[in-house]
Amino acid sequence: MLALVHNQRADAVSGLVDGLSSDTHTALDRLSPLSAMSRLRGRALIAHGRADSSIPYTESLRLAEAAETQAVILTTFHHTGPLSFGELMRSGVPDAWKLVGLAEALLSVRRR
Numbered sequence: 081m082l083a084l085v086h087n088q089r090a091d092a093v094s095g096l097v098d099g100l101s102s103d104t105h106t107a108l109d110r111l112s113p114l115s116a117m118s119r120l121r122g123r124a125l126i127a128h129g130r131a132d133s134s135i136p137y138t139e140s141l142r143l144a145e146a147a148e149t150q151a152v153i154l155t156t157f158h159h160t161g162p163l164s165f166g167e168l169m170r171s172g173v174p175d176a177w178k179l180v181g182l183a184e185a186l187l188s189v190r191r192r
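As numbered in the numbering used here, residues 81 to 192 make up the sequence shown, in order.
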């Protein structure tokens with residue numbers, strides 16, 4: 081597990097995960113929100129930064145699929161917030177509209 085935590089290479093993750101014990105796999109499965117997504121009674125709003133080096137954005141895509149919703153993938157964000165000011169300025173404002181859409185979805189009330 082420690083080798084997985086300290087790993088810096090994306091191409092090594094699969095092998096490191098495969099090498100974990102069955103008890104560790106069971107514990108990770110219990111911690112994952114993936115199995116609970118289909119039982120949610122409310123809406124799931126999922127956003128993830130493409131540049132997140134801690135958790136791959138593809139995990140949010142998997143959650144969104146399980147919740148039968150869409151994930152918003154933000155190109156100018158990493159795990160804990162926006163990229164540097166310079167990176168934000170170079171990338172333009174496509175994420176601004178995505179964030180406005182998320183805020184609108186969060187604040188809107190669905191009619192039955």
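It should be emphasised that the hints constitute simulated quantities derived from the structure, not laboratory data.
Virtual Cβ for every residue (Gly too), placed ideally from N, Cα, C.
Don't take every hint at face value.
As the list claims (entries may be wrong) - Each pair of labels, with its calculated beta carbon distance range:
1) Gln88 <-> Thr155: 33 to 39 Å
2) Leu179 <-> Ser134: 17 to 23 Å
3) Leu108 <-> Gly166: 19 to 25 Å
4) Ser112 <-> Ala90: 28 to 34 Å
5) Thr155 <-> Asp91: 37 to 43 Å
6) Gly99 <-> Ala183: 26 to 32 Å
7) Leu96 <-> Gln150: 18 to 24 Å
8) Leu186 <-> Ser101: 37 to 43 Å
9) Thr149 <-> Arg110: 31 to 37 Å
10) His159 <-> Leu82: 17 to 23 Å
11) Val97 <-> Arg130: 30 to 36 Å
12) Glu148 <-> Gly95: 17 to 23 Å
13) His86 <-> Gly166: 18 to 24 Å
Okay, the hints, checked on the actual structure:
no. : hint                          : result
1   : Gln88 <-> Thr155: 33 to 39 Å  : violated (22 Å)
2   : Leu179 <-> Ser134: 17 to 23 Å : holds (20 Å)
3   : Leu108 <-> Gly166: 19 to 25 Å : violated (37 Å)
4   : Ser112 <-> Ala90: 28 to 34 Å  : violated (19 Å)
5   : Thr155 <-> Asp91: 37 to 43 Å  : violated (23 Å)
6   : Gly99 <-> Ala183: 26 to 32 Å  : violated (42 Å)
7   : Leu96 <-> Gln150: 18 to 24 Å  : violated (30 Å)
8   : Leu186 <-> Ser101: 37 to 43 Å : holds (40 Å)
9   : Thr149 <-> Arg110: 31 to 37 Å : violated (23 Å)
10  : His159 <-> Leu82: 17 to 23 Å  : holds (20 Å)
11  : Val97 <-> Arg130: 30 to 36 Å  : violated (21 Å)
12  : Glu148 <-> Gly95: 17 to 23 Å  : violated (32 Å)
13  : His86 <-> Gly166: 18 to 24 Å  : violated (29 Å)
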